[in-house]
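Given chain A, put chain B in place with the hints provided.
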Amino acid sequence: MSSISKVFTEQPPELNKEEKARLNMIAAARTTPRDDRFPHTNQALHCWNRYNEWIVCAQQGSEDDCKPLRQYADSICPGTWLESWDEQREAGSFGGVGSRFDHKAH
Amino acid sequence: MNILHNLININSSKKNKSGKVSNTLLLKEQFKYLKTTHSYHLVDPSPWPIFASFGAFMLTSGVVLYMHKFIGGWNLLITGFLIVLYTMYTWWRDIVREATFEDTHTVTVQKGLRLGMILFIVSEIMFFFAFFWAFFHSSIAPTYNLGGVWPPKAISTISTYTVPLTNTFILLTSGASVTWAHHALLSRAKKHTLVALLFTLVLATIFTCLQGFEYVNAPFTISDGIYGSCFYMATGFHGFHVFVGTIALLVSFIRIVLNHFTNRHHFGFESAIWYWHFVDVVWLFLFINVYWWSNK
Chain A
1 MSSISKVFTE QPPELNKEEK ARLNMIAAAR TTPRDDRFPH TNQALHCWNR YNEWIVCAQQ
61 GSEDDCKPLR QYADSICPGT WLESWDEQRE AGSFGGVGSR FDHKAH
Chain B
1 MNILHNLINI NSSKKNKSGK VSNTLLLKEQ FKYLKTTHSY HLVDPSPWPI FASFGAFMLT
61 SGVVLYMHKF IGGWNLLITG FLIVLYTMYT WWRDIVREAT FEDTHTVTVQ KGLRLGMILF
121 IVSEIMFFFA FFWAFFHSSI APTYNLGGVW PPKAISTIST YTVPLTNTFI LLTSGASVTW
181 AHHALLSRAK KHTLVALLFT LVLATIFTCL QGFEYVNAPF TISDGIYGSC FYMATGFHGF
241 HVFVGTIALL VSFIRIVLNH FTNRHHFGFE SAIWYWHFVD VVWLFLFINV YWWSNK
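Chains as they are written, first to last, in the numbering used here: chain A, 1 to 106; chain B, 1 to 296.
Check before you lean on any hint, since a few could be wrong.
[As the list claims (entries may be wrong)] Here are some of the chain B residues that sit facing chain A, going by a computed Cβ distance under 10 angstroms:
#1 ALA141
#2 PRO142
#3 THR143
#4 TYR144
#5 GLY147
#6 GLY148
#7 PRO152
#8 LYS153
#9 THR168
#10 GLY239
Simulated from the structure, these hints should not be mistaken for laboratory data. Model, not experiment: these values are computed from the prediction. Note that CB positions come from ideal geometry on N, CA and C, so glycine has one too.
Only chain A is shown next, with the shape it has when bound in the complex (with noise of 0.2 angstroms):
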């Protein structure tokens, strides 16, 4: 990598505090991590694990401390999913976790 920086004689132009506000913000950006059980361009399958692994937590203990999880699931998965999947939770017509074909109810 050192012998290609030796292409560029110039030196990028200095940023103002605006520019490097920005820089600074789009740098500290995160998104849901990578999980390696859902390695394919189609994310749906991580995006229903995410979901429901936020459900699991805000059964096991409060609701704000699994902010962090319910991120990952805002993250990956679309708006209309999230819409749809709470309204169904509230309906109790959910079919993931805590539903009637959830194996742990067995």
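Chain B only, in chain A's frame:
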């Protein structure tokens, strides 16, 4: 133009179809006696192809109209279906007559029929290929809607080692018994042929009955998600093919009783046997993937 005027010479005291006493044939009667120097079969004019096309048109348009709740749709469907069924009987009956009684099925013709049957079976393989594609697409990477698992969370599957395993043994045994029947025919042992073929037909009927019993008593229906759709489309079409194969073997049975075949020339029976083996192989694929691998 009476082009065969000087070639055809029949007994002059015989009356021809037009009622005239003549030693020549009308042009319309000459096609029955045309001689060729090649060994292919130029088929006599027949109404069955166009009948079949009328029937198929009525059947297919009747199906569409019925599904869209048009008045008369069902009647059109039934009429078309009966015409197709009748044309199948008459057309194939004519082929049997041409082969058995009119000696038109030379070795060359038989080769063409063999190729035709092979290509037909290949097309049927492609038909099942599509349903197996759908099955593997959905089962290898099951979506969250199914719970991320296969078989889906909410599906209670059919026990593999009771009826499905029995059916596997039934079809494999029927493949062996139909081979026995064929060898008996090759050895000119008519009674053995009939016994073996009857045994095959009995096994085929038992298979169909067991599948019917499974269908009636299954814990899921065709509308139970992608699992139900894949299961019933694949096994349903397979069952239909078993039915068709059983009819083909039954027709062969009747023709053996009526002494249509020789030990060297029995392509109708051979093609039915090929079809039966194809049906057996498809069942093995079904059993391994849809029943055994997809079980809980």
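Have a go at the THR168/B hint: is there a Cβ in chain A nearer than 10 angstroms to its own Cβ? Interface hint status for THR168/B: violated (30 angstroms vs cutoff 10 angstroms).
Close enough to count: is the Cβ of GLY239/B nearer than 10 angstroms to one in chain A? This hint is violated: GLY239/B lies away from chain A, its Cβ roughly 30 angstroms from the closest one there, beyond 10 angstroms.
Double-check PRO142/B for me: the hint is only fine if its C-beta lies closer than 10 angstroms to a C-beta in chain A. Status holds, d = 8 angstroms.
Minimum Cβ distance from LYS153/B to chain A below 10 angstroms? OK, holds: LYS153/B within 10 angstroms of chain A, min 4 angstroms.
Measuring from the C-beta of PRO152/B to each C-beta in chain A, is the shortest one below 10 angstroms? Given a least distance of 9 angstroms, the restraint on PRO152/B holds.
Holds or violated: is there a CB of chain A closer than 10 angstroms to the CB of GLY148/B? 5 angstroms, holds
Status of the GLY147/B interface restraint (C-beta, 10 angstroms, chain A): 6 angstroms, holds
Is the shortest C-beta separation between THR143/B and chain A less than 10 angstroms? Since chain A brings a Cβ to about 6 angstroms from THR143/B, closer than 10 angstroms, the hint holds.
Does the nearest C-beta of chain A fall within a distance shorter than 10 angstroms of the C-beta of TYR144/B? 4 angstroms, holds
Interface hint compliance - ALA141/B to chain A, C-beta minimum distance less than 10 angstroms: 8 angstroms, holds
Comparing the model with each earlier hint shows violations of hints 9, 10; every other hint is respected.
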